[in-house]
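Please work from the sequences and hints to get the whole structure.
As you go down the protein sequences, you meet chains W and E in turn. The opening position of the first sequence corresponds to residue 21 in our numbering, with each subsequent residue numbered one higher. The opening position of the second sequence corresponds to residue 1166 in our numbering, with each subsequent residue numbered one higher.
Bear in mind the hints are in silico, worked out from the structure with no lab data behind them. Positions of the beta carbon are idealized from the N, C-alpha and C atoms, including for glycine. The reader is advised that the hints may include incorrect statements.
Unchecked claim - Partner residues are not named here, just some residues of chain E that face chain W (Cβ under 8 angstroms, in silico):
#1 Phe1707
#2 Val1711
#3 Leu1749
#4 Asp1877
Unchecked claim - Simulated DEER-style distance windows between Cβ atoms:
#5 W:Arg172 to E:Glu1266: 50 to 60 angstroms
#6 E:Glu1844 to W:Pro428: 40 to 50 angstroms
#7 E:Gly1267 to W:Glu377: 32 to 42 angstroms
#8 W:Ser475 to E:Val1798: 52 to 62 angstroms
#9 W:Gln44 to E:His1317: 49 to 59 angstroms
#10 E:Arg1185 to W:Ala463: 24 to 34 angstroms
#11 W:Leu393 to E:Val1701: 32 to 42 angstroms
#12 W:Asn48 to E:Val1774: 49 to 59 angstroms
To be verified - Below, simulated DSS-like cross-link-like pairs (lysine-lysine); rule was C-alpha separation at most 30 angstroms, straight line:
#13 E:Lys1268 to E:Lys1704
#14 W:Lys458 to W:Lys471
#15 E:Lys1268 to W:Lys458
#16 W:Lys458 to E:Lys1704
Each chain, written out:
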Amino acid sequence: MSHWLILPVLLPLLCGALLITWYQASMNVQRLLSILSCLGLTLLGIYAVAQSGQGGYTLYYLGNWEAPYGITLVLDRLSALMLLVTAGLSLCCVLYACRTADRRGAHFHPLFQFQLAGINGAFLTGDMFNLFVFFEILLIASYALLLHGGGRARSRAGLHYVIINLVGSALFILAVGTLYGLTGTLNMADMARIIAESPEEKQPLITSAGLLLLVVFGIKAAVLPLLFWLPRAYSAATAPVAALFAIMTKVGIYAIIRVFLLVFGAGDDPIFPWVWVWLWPLALVTLVLGGIGVLGSASLRTMTAYLVIISVGVLLAAITLPGEETLAATLFYLIHSTILAAVFFLIADLVGRQREEGYDRFYITSPVGYRWLLGGLFFIAAIGMVGLPPFSGFISKAWLLQSAAGAPGGVLLWGGMIGASFLVLMAVSRAGSGWFWKPEPIAAPLWPLDKVCFSIVAVMLALSLSLAIWANPVMGYLLDAAAQLRDPNGYIEAVLGGLSAGGVL
Amino acid sequence: MQLALIILVPLLGAFAPALRRRDPVWRLALFAGLPALLSFSLLLSLLPQVLAGEVLVYQWDWISQLGLSFALRLDGLGWLFATLITGMGTLIIAYARYYFEGKATSGRFYSLILLFMFAMLGIVLSENLLFMLVFWELTSLVSFLLIGFNWHSQGARRGARMSLVITGGGGLLLLAGLLLLGQMAGSYQLSEVLLAGERIKADPRYPVMLSLVLLGAFTKSAQFPFHLWLPHAMSAPTPVSAYLHSATMVKAGLFLMARLHPAIADTELWFNLVVPTGMLTLMVGAFVAMFMHDIKGLLAYSTISHLGLIALLLGLGTPLAVSAALFHLVCHALFKAPLFMMAGMVDQATGSRDMQRINGLWRYMPVLMVLTAVPAAAMAGLPLMSGYLSKKMLFVESLQVSYPFWTTVVPVWVTLAGLFSVAYSIRIFHNVFYNGRPLDLPIYPPRQPSRRAMAPLALLTLGCLVVGFAPALVYDKVVAMAVNAASGTLVPAYDFSALSVARWPMIMSIIAMIGGALFYLARNPLFAIHSRLPEVDAKNIFEWIVDRAIAYSQRRVYQLENGSLQRYLALILVTTVGLGGWALLRFDQWQGPIALSPVDAMSVFGASVICLAALGVVVFHHARLPALLALGVCGLFVTLAFARFSAPDLALTQLSVEVMAVVIMMLALSFLPQRSPHESSLPRWTRDLTVAGIAGIGVGGLAYAVLTRPVDSISDFFLANAVPGGGGTNVVNVILVDFRGFDTLGEITVLGIAAVAVYAFTRDLHLKERVAQIADEHWVADPHPVILSMVARLVLPIALLVSAYIFLRGHNMPGGGFIAGLITAAALTLQYMAGGLVWAQERMLTQFRPLIGGGILLAGVTGMGAWVFGYPFLTSTFGYFSLPLVGKFELASALLFDLGVYATVVGSTLLILANLGKLMTVAGPGKEIG
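Following this line, the structure appears as structure tokens:
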């Protein structure tokens, strides 16, 4: 049988373990291994997308224990997509880190790999408790990465980050425990089946546990009253780490999609609408706060953190709307916003290092080296971020607006998205003009521009552009992914189908 | 294909000037001029087809899901605009060759201007509405770069930002509007949208859609009150102003209104939105223009006024209003561009654009004066000039308005506006070329403008004259087909002979001319009054608004994100309680079918101790040590509870975890202040107590409700399969290493990462102050008591033996790698405590990181071993063997996995401990441990 499905978790996990074991390895060896691992993950991601694009689910029964007893990995179109996005992003981040930040603290590369193992595991697992385990891995690894480089700001932001997320973990285990007590199973497909069949009198308890999970994933995804760890953590992190964190909130969003549309989504009278009742207003308020925050930020990294919050608001609000096409458009927006947020974190560093003083702060006017190159890069990235054509931002925004038009409450989403775009336009035009137009020309750059770093950002922007140009196949894939997500029974049958076959493959 | 070429040629051409920006200006102008000219001639070559009424469509799919396609369309309207854009563009490029003589920035200018031409052509030649929007936003962006062309001046930067925010914001609204329009029409293809007018106007969403589309058009075309950006766009170099802000970009909004006319126009709502806006813009522009002392400022406001005029005409809805609008649009482009060129030449010749200082230039540049006279007269609407005709057409249409209130208002209003326009037209000509002598000009005497630079100006002036003398010819050949396209029907030819004899329009014209002349004569007292009025600068207002918005946002953000962890946690808990509780609001069946087991004294005692100890932690939390002890009590009683309810594995694990946790926490807490300050107020105390209380009761209730309900769980399967499938009688251990070994692999990774994180964080950490403080404290006087170190050394081998035993028997009896690892770690920790860090480091294995990584690797590789046999990752196998002396025993692959667990646990615990301990020692920092 084919074992590739475990590799997106195992490859970075073992790579990280190897790097810790062989801690004397020279930096170049560490970098090589780390890059090779990310490259391998990218290939795996492409393969996963190709595999799931053919339809159906790919399953992997760990320990050869059939579902629902053992842990099952499930690959569907959504998880394949998330694997690919994560892998691509990680490759960019690790290359960027190799040029800049990986020496500023100990063990950057193994921690980075562990983080990837955690993220990929969360995308692949079909088991509630296993999801918790992977959340732990990515939490503790991200905490370590957040502290990478040291310093007061990072320690402070890191403390808030880790405590809030540990509270989230405690709630997670509480919710999973409750669900296990009510359903007697941990496998998501099995749980979905049992919840769909569970008697009326258990419904409030199940709903309550579901809402606890909403809080847990809401903390991860950064929805309004639960997001206060995010701005400082993201703006304190080292550039490549912050760029990788662009996918972290998406893990929360992924979990919301997966758990509520599957586990609480089966049967004739599914529970997830009760959850959406809360998610919808919270997401809209998050969107508004993000817009305000973008305008009020004092540095590009803080602004980017709030841009992430805007995207979270948009994504979560859109998830609650009915229809396959809206969900597909949401996923398109997810890809776009991940790339652009990462680009912005990297640009903050790229420009910050070329400024004589003030790093990425807006209120300090400082000469900047390579004004044309960096200014051009910022200009293009800003176009993408505001959602002006021809970048993926425009396409994703247009699609989301279009598909949400008929939905109840769609008007609010329209208003929120357009209003937020406007605020972002104001903020980035101000930032760009203050950085690249206002200061006197510089006599000579402080130090040469790192061509590799520059190219990484350029390549990421090119990806955003090609996402727009070749949107057709991507959209086709996403529509299929959305159709898959809206049909929890397909997932349940695929996973539990092995039950009748006797378990052994 | 030709259509695509028309658009693409300027785009491709834009690269040449950028790449060869050090070339002399004339060559760059050539690079830029050729593509523009090529597009222009391509358009001319298509004129016969367009005149014959053909609509050329070229289409290529892009994003079918969105309905967005690369679709181009050439009909009369598109042709008219495209020809204006390329024709004017060519002339502007020629003119700029002199304007940029000797300036290093010309390459950038030419590049951007071609890019802009590309974007404009895209707007007017799009067949697909969304495709059009792509170009629409592109014009805003390029315009931003062009207005900010001289970015070292604050005015240019602010002007650029202001125009971007207004036109870009308008573009966002337009996006919304067009999306709605497309949904109402069922397609974004113009050919279908234009035919769906009836359906669109009947749709309930029509008012919203129309408002959004018009907002987009108004912002772009500088209609009141969005006109504010246009005067400030004048910071751009003059060729830019002449091209973008008089002839092309600002016409994009009008183009859109004309383009969509058959689909969305001529309803009462349309009239009520467009006509008042157009009228206001017309009047405000004309009136303010009179008082502008800057030549370009005057031209900018006059442009606003003419844009308002055209919008007004498009809104009127009378049969020939569209004809008048498009005719005037052509006239305006022809007379406004030369005036801008004149302004640029005067600026370069004299170094000033202030009409209070520039006077009497006829002495210095008579040719320019003659060439300017014609467009100025056309702008004023003097007889025989193009503007005369178009203005009269406006008067004719204004008299045909049928809406009751507007019947008289509109004619009077436009006459008054005509009066102002006459006044400022006289002013720009008279003030610049006559009106005495120049007053302290920066460059005196003025330089002679180059003759050749005037060629484009002369050509445009000629154009004005042609239109003025042969209006019917121009109308029939150029405008009529555009009018047909814009109105969606065949409009009869305009009767210019009837126009010249119409009575009322003639009277209105005469009133405007005489009134305008009088108004100009009275200018000096009017200027005096005007100069006493407070000066209002829209840029400053804009900046003020932006600053306010930013300050407001900052305050809100700081209020919410105030850095208080307590508050964040309170918010999270309140949310949790709120959401979780909401679902249980109508839940009353807390007691499930399972009856409670009888209460015995032991359980009650244990539960009470746990509760009290937990309370103790809260009460004593200001003093670290007692709080920690209370926490330890909690842990101990949880251990006892596990033991009591027959979970010996859990009890063992909990016990060893508890020991290690307390040790590590003691170590960590010693770095913190020994007492935390009392800063809670009563309200906060109440808040926290309420939230925590409700949360606790909620969790208790939930657990109660869940535990009193029967459930079929997967645990039966585990019980049944532990021996046959996993080869172990200790089900907990089989779950850990086999059924759910993947979880365990994950959990030891978590532990390992945590340890590495501690190592990484403490490696470069210096706590000098803290170290000195510890050294001073009396309780460390005897850090390593002799008795303790002796006992510790004795305990070590026994403890190791115990852990080996626990490890080996784990598969069948309580124990296993995790517990064994913790026991080993505890034994080794004792050595550290007894002998001190340095002492222990010298005598012990200190390679903790390889232990951690090796453990994970071992567990992982063991899991991969199953692949060899064709089974999934982590599939275990076991067999029974017998050896002499030892007897029959079992070997399971899970044992290797468990060994990995063991190694990771030992390594992680000790790595954390040693590195925290290192911080205590004076010599410690800087040296890597583990």
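Here is what the structure says about each hint:
{"no.": "1", "hint": "Phe1707", "verdict": "10 angstroms, violated"}
{"no.": "2", "hint": "Val1711", "verdict": "6 angstroms, holds"}
{"no.": "3", "hint": "Leu1749", "verdict": "5 angstroms, holds"}
{"no.": "4", "hint": "Asp1877", "verdict": "5 angstroms, holds"}
{"no.": "5", "hint": "W:Arg172 to E:Glu1266: 50 to 60 angstroms", "verdict": "56 angstroms, holds"}
{"no.": "6", "hint": "E:Glu1844 to W:Pro428: 40 to 50 angstroms", "verdict": "47 angstroms, holds"}
{"no.": "7", "hint": "E:Gly1267 to W:Glu377: 32 to 42 angstroms", "verdict": "35 angstroms, holds"}
{"no.": "8", "hint": "W:Ser475 to E:Val1798: 52 to 62 angstroms", "verdict": "59 angstroms, holds"}
{"no.": "9", "hint": "W:Gln44 to E:His1317: 49 to 59 angstroms", "verdict": "54 angstroms, holds"}
{"no.": "10", "hint": "E:Arg1185 to W:Ala463: 24 to 34 angstroms", "verdict": "26 angstroms, holds"}
{"no.": "11", "hint": "W:Leu393 to E:Val1701: 32 to 42 angstroms", "verdict": "39 angstroms, holds"}
{"no.": "12", "hint": "W:Asn48 to E:Val1774: 49 to 59 angstroms", "verdict": "57 angstroms, holds"}
{"no.": "13", "hint": "E:Lys1268 to E:Lys1704", "verdict": "28 angstroms, holds"}
{"no.": "14", "hint": "W:Lys458 to W:Lys471", "verdict": "25 angstroms, holds"}
{"no.": "15", "hint": "E:Lys1268 to W:Lys458", "verdict": "21 angstroms, holds"}
{"no.": "16", "hint": "W:Lys458 to E:Lys1704", "verdict": "16 angstroms, holds"}
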